[in-house]
Amino acid sequence: MTLELNVSALWPVLAPALAALTVLVLDVVLPRARTAHLWLAAAGLVGGGVATVPALTQGTGDSTGAFCLPSGHCLYAASSLTGGLQLLALGSALVVLVLTWSDWGRAGPGDRTSAPTTVLVALFLAATAGVAAVPAARDLGTLLVGLELATLPVVGLVALERRERRHAGAVAGAVALLTTSLVSFALLALGAALWVAATGSALLDPAAAAAAAAVPEQGALLLLAAVLVLAGLGFKLSTVPFHAWTPLTYGTAPLPVTTYLAGTSKVAALGGMIVLVQTLAGTSGFALLAVAVLAALTMTLGNAMALRQVDLVHLLAWSAVAQAGWLMLPLASLSSRAVQAAGGYLAVYVVATVLAFVVVIAVARRPGGGATLADHRALARRQPLAAAALGLALLTLAGLPPAIVGLVAKVVVLRPVAADGTWWLIIVATLNIALGIAVYVRWLSALIARSGEDTGWEREVPVASPAAEEDAEATTALPTSADATEPAPDDTAQATSAEVGATAVAGQSAYAMPWTHRVLILALSALLVAGSIAPVGIF
Amino acid sequence: MSPALPLLLAAFLAGIGTYGVLARRHAVLMLIGIELLLAAAGLILVTVGQFSPDPHASGAVLTLFVITIAAAEIVVALAVIMAMFRTRGEVDLTGEAQPAAPEEQPANSGAGTVTR
Amino acid sequence: MSVIDALALPVLVLTPLLVGVWLLVADRVGTPPRPGTSRSLAVAAAVLVAASAVVVVWRRPEIDLLWIESLGVRLDLGVDGLSAPFLLLTGLMAVVATLVPYHHPLSDARLGEPGRHEPTVALPVVGTDVPRPRALATYYACLLVVVAGSLLTFLTRDAVVFFVAFELVLIPMWVLVARHGDATSAADRDGAALRFLLFTATGSMLMLVGILALWGATGTTDLSRWAELAGSSLASGTQVVVAVILLIGLGIKVPVWPLHTWLPWVHATAPTAGSVLLAAVLLKMGAYGMIRLVAAPLPEGLATVAPVLAGLAVTGILWAGLACLVEQDLKRLIAWASIGHLGFVVLAIAAGSETGLQAAIYGNMAHGLISALLFVLVGNLKHQWGGADLGSPRAALREVSPRLGFVLVLGMAAAMGLPGLAGFWGEWGALYAAWEPGPGRTLWWFRGFAIAAALGAVLAAAYAVRVLREVWAGDRRSPAIRDTRGVELGLLSLLGVGILALGVYPGPLLDLTAPATEAIIATLGVGR
Amino acid sequence: MNDLLDLIGWPWPDWDLPSLPLPDLPDIPLPDLPVTAAQVMILLTATAGILGLAVGRRSSRPAAWVAVLSSGLVLLAAVWQLYAVYELGGQQVSGTVGPLALGELEAPLELSATRLSALVAAVVSLVALVVQVFARWYLWFDPRYRQFSATVSLFTAAMLLVVLSGDVLLTLIGWEVMGWCSFLLIGHLSVKDSANRAAVKALLVTRLADVGFVIGLIWLAAGAGSTSVEAIIEHWTGDSYAALGVAMCLVVVGVAGKSAQLPFQDWLPDAMEGPTPASALIHAATMVAAGTVVLAQLFPLLQAAGPARLLLAVLVSVTVVLAALLAFAQPDLKRLLAWSTVSQVGLMLAALTVVPGGTGPDVAIMHLLSHAWFKALLFLTVGWMGVLTGGTVVRYVASATKRYRSLRRPMGLGLLALAGVPPMVGFVSKELVLAQAEHGVQDGVGPAGTIVLAAVGASVPLTAAYCMRAWLILDRGPIQRLQRTPRRAQEHQIIDDFFDEPEVLEEAIGIEEAESAISSSARTAVALLGFCSVVGGILVFTPQLDLHVSINLQLLVAALLLMALAALAVWVVSRGVGSRDAAARLPIRVSLAAERGLGFDALYRAVVARPVVALAHGVQWLDREVLDGYVRGAGHAARLLGGALEHTHPRRPAPGLVLVLAGVLVLAVIGVVLT
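Residue numbers (numbering that gives the first Met the number 0), protein chains in the order written: chain A, 0 to 538; chain B, 0 to 115; chain C, 0 to 527; chain D, 0 to 674.
To be clear, the hints were calculated from the coordinates, so they are not data collected in a lab. Quick caveat, the model's predicted, so the values are computed rather than measured. Mixed in with the good hints, there may be bad ones.
Said to hold, decoys possible - Cut-off 20 angstroms, straight-line C-alpha distance, at most; resulting in silico cross-link-like pairs (SDA-like, lysine to any residue): (1) 401/D <-> 576/D; (2) 191/D <-> 401/C; (3) 401/D <-> 474/D; (4) 191/D <-> 443/C; (5) 401/D <-> 139/D; (6) 191/D <-> 439/C; (7) 191/D <-> 389/D; (8) 401/D <-> 386/D; (9) 401/D <-> 575/D; (10) 401/D <-> 390/D; (11) 191/D <-> 469/C; (12) 191/D <-> 394/C; (13) 191/D <-> 139/D; (14) 191/D <-> 392/D; (15) 401/D <-> 578/D.
With the rest of the complex left out, here is chain A (with noise of 0.2 angstroms):
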């Protein structure tokens, strides 16, 4: 039997794999370089996504595959909506690659050689080649392939902390990462092993899914074989149940890794979900019941979550497992509407989330600050810029104008389920929205608070603590010593607002915000604003 493989289709996916290679193999040639990895990795990402567009531009319904069969089924088909979540996933790693370009790119205390950044770097690359390939997958082995190809190595970069004070706990987060993710392998094997058994084949092929589903006990063991595999997905996803890692890898992992885990990942999941939503689509009577209990149980146990957590991570955890049951929410209705509404909720959201965290991580990189309510509090009067942008996303997240694109992505998706008449699972949705909106509004009250209790916070500025002095000073002399670009949320959790005001307030004069954090968070506010002036081409 012969495949007809056409690569032009897979550069996608080739790009950033070419790089991970390449870096490797630069290694060897010039063991001394760094930031010749940094741009290799840039490279490959910029060039990956150079290559979507031809898919972008297709339009809907039809798809350029790669490794079609004979038989006219491809292996690789990549759709517009395929296109569009490619290039997310792309657009998202490299955000986090210019965040943690400093990171990876100096010397760590004790390695001579280039070793950690090359294998960063690869880790990274073949990670996001992972995550490229898994929404065009349109069969099994490609589908296990590329999930496990976009989570593995991200257990390596989790558990490749370079500090000493926080390595102890990013090896825990890896291993409860990891253990999740060996488990639910091991379903999805399960779960393949039955849908072969069920359909005869391997491919994810909307026919042959219906003709088995016609039979009882086919569509019994289909049926079983689709909620195995979902709940394969579901880890990746985060959703109840399979969430338990999140909060603890989340917290543990290095700053840049959780956003690649809270942006680029999802993008992953939620594409191996539309594929096997889009497989199951033709059956006709096969409401997946289940996808609307996951969701609802999903966005109800986040927020409740999120409303307790003071540590902004922890937050984002929990609203992250919430989202991913709004992300869920559309495919309840097995319909080509619905996954183009999820796929457009996932482009918002991933928007938001990455703008979050790179305001999270500018904000705790600076000397004295922190990742907790506390640190973030007046952080409207202290920097405006960055507090107007994390207000965007939260506003985006919560669902609330004037951040309309995130309104109109929880209409898009609500819109299907509507369609279908599910209409407890709309109730328990809207009122999951208020109870975001509380989750979110305690950030965002914190960001526009006095400072001070009654006085103008600006009054104490004569008056910063000697304390924080120093730290400017201490900054002044290595802006990018270990300590200054250390998030030490633990120390500041107690420290009151007033100290962080006043720190923060002598920090500005002397730390500026690095210009690439400056132009990330333009760009993707620009983004929002652009959606939500013109939401055109996202759903």
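Please build the complex by placing chains B, C and D on the supplied structure of chain A, with the hints as guidance.
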């Protein structure tokens, strides 16, 4: 021969694997449990592949995929477990991963306000 | 003329939006504008809004753009008899809200100390306790964005855009309350702000559910199309369910008893301009939505739930009237009065006759003017008294500040629905409509409601004279407060004249809205 | 005996009123003006109300000009209107701001001046003019004269609107505005808490009764689908409806409230806290009489509605007698007048309930007019006297007319008219009421007739009694000096300029000749009223009122005898009392109870005020604890849920795996079994 026996075996393996995953606190033993699950999956695939006329021999191919991926996983897993052993001196999965996130004091306004 | 026609609508919507955004941005980057600058800018924008609102209502231009093609959502703006008065009211209130003096939130806390007698400067834009310029620019920006959102709500003819605009006002209003609200207790302020946000957000989400249902049933989001179909595409059972969901959602905004508990809180803490906008514009959006989204597209559903709705409305009237008899905080009292007045409006809507709709719209306008007048007045008093508590001894307004006293008498007379002032026509029309309800209403239920509502009007008289007796009459002359003057006096007299005009000469407004209500009632038969 | 009867020609035949022809008026051709007199009157008074507030912050002179001039013009317009209506043969319709687009309901909002309403309007504007002139003197030193005169103008406008309205909506508007203005007028001295309380009481009591009025009118309008009085009468008299009785009963309740009939009567005596001109306006010509006017407009409906008529008859009959009794026992002359007002208004309304078929409400209107004249006269005079003596309590006013000669004439005339002594106007109107009642009984208007006849008959001697008592007190002689030392005579100055500001109080105290204590204009106004109450009776012979009543002479003589006897009895009783106060003979408990109006005030508080306030507290509690409790509860619930989950959710890898597998199991169950 009928597919019943191999499938029963697969079910048995899956059961043991599940037990191993659930009941074992030691990381390596849990890994073995997962391996058993994967083995069950592979067995099912092979069996089905035998009994269904499939031009692409999906069963066999997928089995190969699964085995390969499993191997890769084990490598990463062992590496991480070693790191864990280094940092902690034991590989007990039920150990506390990290302290609980600091909790918010109940705010006084009856609605969630920021802690001061 | 054609140029003006073409420009009026974009100017109307974009002016407040752009100026607001500009203020926000200018506030964030570089040196923020001085308070005077941002104030005058905001006032100019508001005046422009008012002017173009008049032009729009007069010339009736239209705009129709495709917004989200994948959903078939159109940016379809236009005016009809129903939305015209709301537009004019919003334009007027924009001017009022931007012109009304800004009282520094912190000063309230300081004035609250016992034993201060000297009057304070009404407009502290100079001196030591100036709010940071940044904050003031944000304040005006928020006001303008609220205005823009409500204008869009009244202008749009597309359900999704309606919903989006409906939501647009939430965050700025929340910022106004949380950031510029009465600072005597930070906990109360945040609590009230959060209350407002969560209540109204929940309400609008339920409204979204209803919109989705109608969307699914009719296949379009065009409001005028919905009105034409008049529910013919829904089974009557579904109509009832959808109507109930929509009414709950909108009832939170209006607010209808028992969903009203957020309103007194928010009014008690919001800054004066915020209270004005909230009472005179935001609450109207709820009533407007009830007509647009329920009365027109779901006549049968409304007819089925009308007795319950009317019952709740009447309960609200009596409830609010009674609460006003013992409420100790003057600002909360005015808020309660608002609940009572809107109870009349909802009763009229539930009656489902043409008279009822006319009365409802008229009542909305009247309440807009009256509550704005009272809130401007009470805002001044609260600022000078250092608190709005009726219990503590105050100087009798009639003795120390006759102008304020006169305005209070006028406002209270209007609030009790005195003929010759704006409030009368709405209330009397509501009573008549309830006595002679439209088709499909159970006659004697509604007549009972009418009698109860009339008793509620007596309660209104009771609390009006209570307030006059405690605040206006009496012989105390200390602590002396300064009488109103300057801009504030101008605003108060403007609103007073408006109230008088609406009360004495109701013809034009009724004629303006008559065609729209006629059309809505006329489509009743189409449903079958 | 018989020959004696023969001598006097017993039994006398009934005597029909001759209607002497008017001297034919100069036939001025009616120019068709753009505005009708009715519109002019209402517009003028209303604008005067607004203008009076605006003009003249420094002195109250411009306000006085505005008020008096506008009232004068209005009076001219009223006269012109009388002529116009006469020329047009009965009715003149003119529009206002209507018609309104109120959907299904037609609201033409038209004014209609008829023979009677034009007459009433004329008298109202006359009294208003007099009151304005008098108030200018009375409130000379009041810094709030502007507000007062403006309110009076507004009040007059409202009353004129009610009188001339051809549309129940207009009637309602005037009705409510009058209520509000009365609130402002009674509470004019807002530093006095008693005044505030009286004002609040007046407003709330009438407003409560107005619930009936509003609903009744709405019912009538809803039946006809229009608010025009003509349409309503046409519709409801078309054939007999059961609803009409109920609706009219509601209207009657409202009327009882405004006219201070049982059980709402108690607000009126307290309303004496207001300045005397306000009392003269409110309680003589306008507000209390408005009920009569409205019922006269709706007269055919009242005729058609048996139950309503019966209800009205019972209420007013009890009120007439009770109020007359209370009036007798009042220790304060002003309160005496107040109670007499209640009784007299009851008399007017009684006249509406016993009308034989085919005749109109003219008798009631006649009594309204006469009451307007003599009661305004009495109030103004009492106010004048109060200024001189420093109070209207019996102790102060004793022998006032002896000390202040010029009080003697107006006071005497007023009391005579009130008592109904021929040939005063009071005599005429009261005899007409009596005659009509008797007529009605013979005509068989039902039980109402008998009750009313009895009440009216009883009221005649009672009225005479309290008038006699008042007169005896006032006219007590010989003069005993009060403890005030008289001023010397050269401080005694003549006030004749309307505009300069006399030191009235200081000058007047102790002045034995009261000529100079009042500005001449005010005195002229009072004299004018006195003249009217003497000769006003002639009105009944003009075609302006068509009265088909024939006087039963026996009844007339009997009534006169009763009056005389009552007066005599009072005179006898009052002998030997120091203050010549017959009421002093009453046991103290009785007089106290009378002064408190039989404790109706306490009744109102116990039955209405306290329960309502208690209810209000309950509502406040419910709202705070229950309704808002749900909200807070929701908030806490969410946080508690989060807390609970926070504590349960696993922080270790292994339990996470348990969750995963359990989740799979659940999913499998949901997915496979449930579907």
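| said: Check the hint pairing residue 191/D with residue 469/C against an upper bound of 20 angstroms on the C-alpha distance. | reply: With Cα atoms ~13 angstroms apart, residue 191/D and residue 469/C stay inside 20 angstroms; holds.
| Taken at face value, is the distance from the CA of residue 394/C to the CA of residue 191/D at most 20 angstroms? | holds (15 angstroms)
| request: For the pair we were handed, residue 191/D and residue 389/D, check the Cα-Cα distance against 20 angstroms. | output: holds (17 angstroms)
| Is the Cα-Cα distance between residue 191/D and residue 392/D 20 angstroms or less? | Distance of about 18 angstroms is within 20 angstroms: holds.
| task | Measure nothing beyond the straight line between the CA atoms of residue 191/D and residue 443/C; if it is 20 angstroms or shorter, mark the hint as holding. | result | Violated. Residue 191/D to residue 443/C sits at ~46 angstroms, over the 20 angstroms cutoff.
| field | Satisfaction of hint between residue 139/D and residue 401/D, Cα-Cα up to 20 angstroms | value | Between residue 401/D and residue 139/D the Cα gap is close to 26 angstroms, so the pair fails against 20 angstroms, i.e. violated.
| Straight-line alpha-carbon gap residue 401/D to residue 576/D, limit 20 angstroms | Holds. Residue 401/D to residue 576/D sits at ~18 angstroms (cutoff 20 angstroms).
| field | residue 191/D paired with residue 401/C [C-alpha distance capped at 20 angstroms] | value | holds (17 angstroms)
| Are the Cα positions of residue 401/D and residue 386/D separated by 20 angstroms at most? | holds (16 angstroms)
| Proposed proximity, residue 575/D with residue 401/D (alpha carbon, max 20 angstroms) | Status holds; Cα separation ~19 angstroms.
| task | Assess, step by step, whether the Cα of residue 191/D is no farther than 20 angstroms from the Cα of residue 439/C, and give holds or violated. | result | Violated. Residue 191/D to residue 439/C sits at ~54 angstroms, over the 20 angstroms cutoff.
| task | Compare the distance between the alpha carbons of residue 401/D and residue 474/D with 20 angstroms, and conclude whether the hinted pair is satisfied. | result | holds (6 angstroms)
In the structure shown, a violation is registered for the earlier hints numbered 4, 5, 6, in ascending order.
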